[in-house]
Every structure is written in structure tokens, then in C-alpha cells.
Amino acid sequence: MFGDDFYPTPPELTDKVLSCVRWDGVTSILEPSAGRGDLVERIVAKLPYHRSNTAIDTIEIDPELSQVLDSKGHRPIASDFLDFQSFRRYDLVIMNPPFSSGEKHLLKAIDLVRDGGQVVCILNAETIRKPYTRSRQELINMLETLNASIEYIEGAFTDAVRKTGVEIALISVKVDRKPNSSILQNLAEAEKLEEVAEDRTASEIVDGDYIYGAVRRYNIEVKAGLKLIDEYNALRPVLTRGFNEKYPSEILELSINGDKYGDLRNLLVDSLRMKYWKELFQSNGFSKMFTKATADRYQKEVGNLGRYEFTVSNIKQLQIELSQSMLSTLDDAIVSLFDNFTNQYYDEQSNSVHYYNGWKTNKAYVVNRKVIDRCYGAFDSWDKKFSSYGADNAVVVDIEKVFAYLDGKVYDPVSVSEALKRAQDTQNTRNIEFTYCAATFYKKGTVHINFKDERLLKKFNLIGSQSKGWLPPRYGKASYDDLTEGERSVVDEVEGRESYEETVAQFDFYLAPRTDLPLLGASNAA
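In terms of this note's numbering, the sequence shown opens at residue 1 and continues consecutively.
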């Protein structure tokens with residue numbers, strides 16, 4: 001009745017074919033050798049479990065079978081698949097092609113989804129096992145390149161309407177979607193040529209790679225978007241729903257953030273500016289040094305940055321402003337951390353500080369090398385295990401941030417997170433090593449901290465004491481012999497003569513006001 005290559009797909013094999021499909025994102029399907037519709041009908045029955053609005057197109061070369069398909073509501077859109085051409089894109093080509101020319105049909109199907117999609121195909125196994133023709137060899141190479149899945153099945157058609165004992169190969173191919181844009185490609189090539197011509201210093205290349213890269217991406221996106229808008233505006237008179245209507249509606253509409261009536265060019269530029277400014281603030285190079293006060297301040301103002309061009313010069317100016325503002329907030333953070341160690345809520349913490357008679361006060365103190373602080377939340381309340389998330393709020397984070405500032409370095413949150421994560425993975429909470437301290441966490445809600453660098457701890461204590469007014473005005477500026485008896489008394493209580501002489505010699509390091517800070521986004525010098 002029908003042709004020699006007509007072998008309807010039996011239900012069991014159909015279900016196996018459909019099990020190979022990844023249904024996420026499938027909205028358009030092609031069955032290019034539809035026969036009488038056995039495979040299509042099974043797909044329709046399965047679709048309610050996946051996507052009921054999926055469009056299914058069929059192709060069938062046999063006129064009688066085409067009539068059968070038409071009667072079932074699956075009118076073929078073409079007859080010969082090997083000659084089929086279409087601008088339509090298919091997410092899935094699912095097929096049981098003629099056994100005699102299966103390799104040509106499968107090659108055609110793979111070409112249809114070259115820009116992204118899936119092909120699931122039933123093929124005569126000999127097509128794969130005996131690649132004696134050029135087209136079969138081409139198919140084998142293509143399947144290897146695409147890392148196709150091949151399953152050999154015997155007896156798949158022994159119980160079919162039209163029986164055959166031929167072994168089949170069930171082949172599944174997925175091509176990842178990679179949208180190609182000639183606009184983006186051309187602009188990217190132009191940007192590369194411009195970049196080669198730029199005269200940039202070595203330090204800019206090392207410290208500014210992220211910034212220059214972000215600005216370059218921004219420029220490419222803006223130019224590509226504007227080019228797309230220009231092309232759209234040029235095509236608008238053509239892409240309408242009618243020819244003779246006075247006010248024809250558009251087939252294709254373009255909008256920016258839901259707005260299709262505003263100035264699309266300006267809407268695009270403003271949106272991309274905001275996108276890149278937000279990304280810059282969230283980047284590790286900027287956010288890692290933010291104190292909470294600085295972060296809150298600039299997150300509120302980031303909305304206004306959409307009015308400013310995303311350029312290297314504007315970013316560098318912002319770096320300077322942020323770094324300058326960080327000086328005062330970090331100085332405040334030093335005092336806050338200094339005060340933290342005197343909040344004696346229990347006897348253990350009283351050993352964290354050493355009291356002395358300061359300048360015109362008898363309540364002065366310095367922080368000891370070993371301190372104890374409260375730390376609630378480091379251990380999970382349910383399973384009592386150490387949690388890096390809970391410990392991330394501990395005082396060690398403030399110590400690392402403040403001491404990096406005292407050391408003239410940029411705080412590195414990654415090293416802190418990695419140390420806490422290792423402790424969580426091993427559940428070893430003793431002597432966790434950080435850059436400036438080692439910490440041991442206890443389930444009773446305390447953390448024991450050992451400061452590593454005595455010079456930085458001394459600097460921390462001197463700045464904290466100075467901010468409290470506990471040191472004489474001439475502290476560190478006058479030699480020990482030139483001090484008054486009262487001033488010497490304070491020196492003796494705080495650090496002693498020998499240490500004080502080093503303070504005088506290194507005054508700029510210990511007590512001189514800080515007037516600079518590594519730029520946000522720049523790396524520490526080696």
C-alpha cells in the first residue's frame with residue numbers, strides 16, 4: 001500500500017524515543033518523516049506533561065500518507081525533507097526516516113539545529129556500523145564531534161504493524177544554542193583594533209584590567225544595542241500586519257524595560273549605564289573594603305550614577321572618592337573594635353585588656369595579644385556543627401579588615417571565607433589561621449583570638465588610645481628624655497622606654513594620620 005521504506009514507529013519504541021528528549025525550552029517541533037502520524041500522535045499525547053502550546057510541523061513525501069496526516073489535523077508543511085528550506089527555527093527534530101537514506105536525513109536534521117536544538121532519530125544500525133559511503137562517514141564524524149548518544153536496539157520492529165528484524169540505532173544529539181550576532185562580532189573586532197592603538201602604562205594593565213574590560217564590554221553592548229535599534233527603526237515601515245491600512249499595526253515591537261514609546265536609544269543607554277555601575281559596586285575589587293557605613297551610603301546613591309557615563313576616567317574618580325571616604329570610616333572602625341574588647345560581660349573577657357593610668361585618667365587600657373570575645377551563631381542551633389556562615393559575623397572579620405588597613409593593604413575577604421569554609425568542612429575550630437590572627441571558636445559562644453603581628457597590635461593600641469585622649473599630646477613626637485614626669489609615667493605604663501623609642505623613630509607608621517588608601521579595585525603590591 002505504502003512505500004518500501006514505510007515502517008511505522010511502534011508505541012514502545014516511541015516512548016523510548018521521547019524519553020531521550022530534554023523538554024525544557026522546547027516550543028517548536030519538526031517530524032520530517034511523519035508517515036501516518038504514529039510518532040506525532042504519541043508526542044501530542046505526551047505534551048500535556050511538558051508543553052501543551054508547543055507547535056508541531058510535519059513533512060511527508062508520500063501523497064497518500066500526507067492525506068492521512070491531514071485528516072488527523074497534522075497537515076504537512078512540505079513534502080521532501082531533503083529539499084526543505086525554512087527560516088523557522090526548531091527546538092526539536094524527532095524522526096524515523098527511511099532506512100535506505102537515513103544518514104542523509106539525519107545530516108539534514110542536524111544542519112537544521114546548527115544554531116541550537118535537539119535531534120532524536122531512529123536509524124538502521126548498519127548506517128553507523130558500516131560507514132562505507134561518503135555521507136555515512138560524514139555522519140559518523142559529525143556525531144563524534146557533537147558527542148552524540150547512540151543506543152543499539154535489536155527487535156524494535158518485530159511486533160510493529162510492519163515487521164522487520166533489523167537492528168536499529170537510537171541517536172540523540174543536542175546542539176547548545178549560541179546566538180551569533182554580526183553586529184557584536186564586527187564591533188568586537190573594531191574594539192580590539194582600538195585597544196591595540198591605546199597607550200596604557202604597565203600599572204594600568206595590571207591593576208586596571210577589570211575596569212578596562214568592563215568599560216570595553218559596556219561600549220560594545222551600547223553600540224550593538226544602538227545598531228539594533230537603528231535597524232529596527234529602518235524596518236518598522238515594512239514589518240506591519242497589512243499593506244493598505246491607514247495605521248497598520250506592527251508585527252514586531254521593540255521595547256526597553258517595557259517602554260516602547262519613549263526614546264529607545266536613551267532608554268537603552270541609561271539602562272546599560274545602571275547595569276554596569278551596579279556590577280562595578282558588586283565586584284569583589286570594590287565591595288571587599290566597604291565598611292557597612294560606606295556600603296549603605298553608596299548603595300543609596302548608585303541609582304544616581306545612571307546619569308554618568310561608564311568610562312575609565314569616571315570610575316577612577318569614583319575610586320578616589322571612595323578611598324578618601326573610607327579613611328574616616330575605617331578610623332571609626334578602629335575605635336569601634338578597640339571599644340569592643342572592653343565590654344566585659346563575663347570574667348573571661350576581662351583578660352582581654354590591660355588597664356593603665358592614662359593621661360589625666362585612670363581608666364585607660366590596651367588590648368592584649370590574646371583576647372576573648374563573644375561569638376553567637378558560629379555553631380548551628382540544630383546540629384551544633386560549626387557554620388562558616390554564622391562565623392562570618394564574628395569579630396575576626398572586623399580584625400582582618402582593620403588590621404589590613406593598619407598594614408597598608410587591601411582587605412581580602414576571599415582568604416577569610418576560605419579559612420572559615422575549611423574549618424566548616426573539617427569541623428576543626430581550633431587555631432583557624434587568618435592573615436592577622438588565629439582564632440578558636442567554642443560552642444559556649446566565645447572565640448579566643450591570638451594576634452599575629454605585635455607591631456600592628458601596638459599600632460592598633462596606640463591609635464585607639466590616642467583617639468580616646470589617653471596619650472599626652474606629645475606622645476611619639478618627643479624623645480623619652482624630653483618628656484615630663486607625667487608623660488613618662490604614661491609611656492612606662494603603655495609600652496616602656498625601649499618600645500617608646502621605636503615609636504618615636506617610626507612615628508609615621510604608628511601615629512601619623514593616614515592620608516591615603518589603596519584604590520578600591522586595585523590589587524595589593526607584591
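Be aware that a few hints might be false.
[As the list claims (entries may be wrong)] Cross-link-like lysine-lysine pairs, in silico, PhoX-like; alpha carbons within 25 Å at most:
no. : residue 1 : residue 2
1   : 443       : 385
2   : 316       : 278
3   : 275       : 316
4   : 409       : 421
5   : 72        : 130
6   : 421       : 459
7   : 385       : 409
8   : 275       : 370
Keep in mind that the hints were calculated from the coordinates and are not lab data.
So, going through the hints one by one against the coordinates:
At most 25 Å may separate the alpha-carbon atoms for a hinted pair to count; residue 443 and residue 385 meet this at roughly 9 Å. Of the pairs offered as hints, the one joining residue 316 and residue 278 holds, with about 15 Å between alpha carbons and a cut-off of 25 Å not exceeded. Taking the CA atoms of residue 275 and residue 316, the gap is near 18 Å; set against the 25 Å cutoff, the hint holds. Distance check on the hinted pair: residue 409 and residue 421 sit about 23 Å apart at the alpha-carbon level, within 25 Å; holds.
In summary, the hint linking residue 72 to residue 130 is not supported, as the alpha carbons are separated by about 38 Å, beyond the 25 Å threshold. Annotation: proposed proximity of residue 421 to residue 459 is violated, straight-line Cα distance about 30 Å (limit 25 Å). Of the supplied pair hints, the one linking residue 385 and residue 409 is violated, its CA atoms being roughly 33 Å apart against a limit of 25 Å. Between residue 275 and residue 370 the CA atoms are separated by roughly 46 Å; this puts the pair beyond 25 Å, and the hint is violated.
Of the hints listed earlier, those the structure fails to meet are numbers 5, 6, 7 and 8, in rising order.
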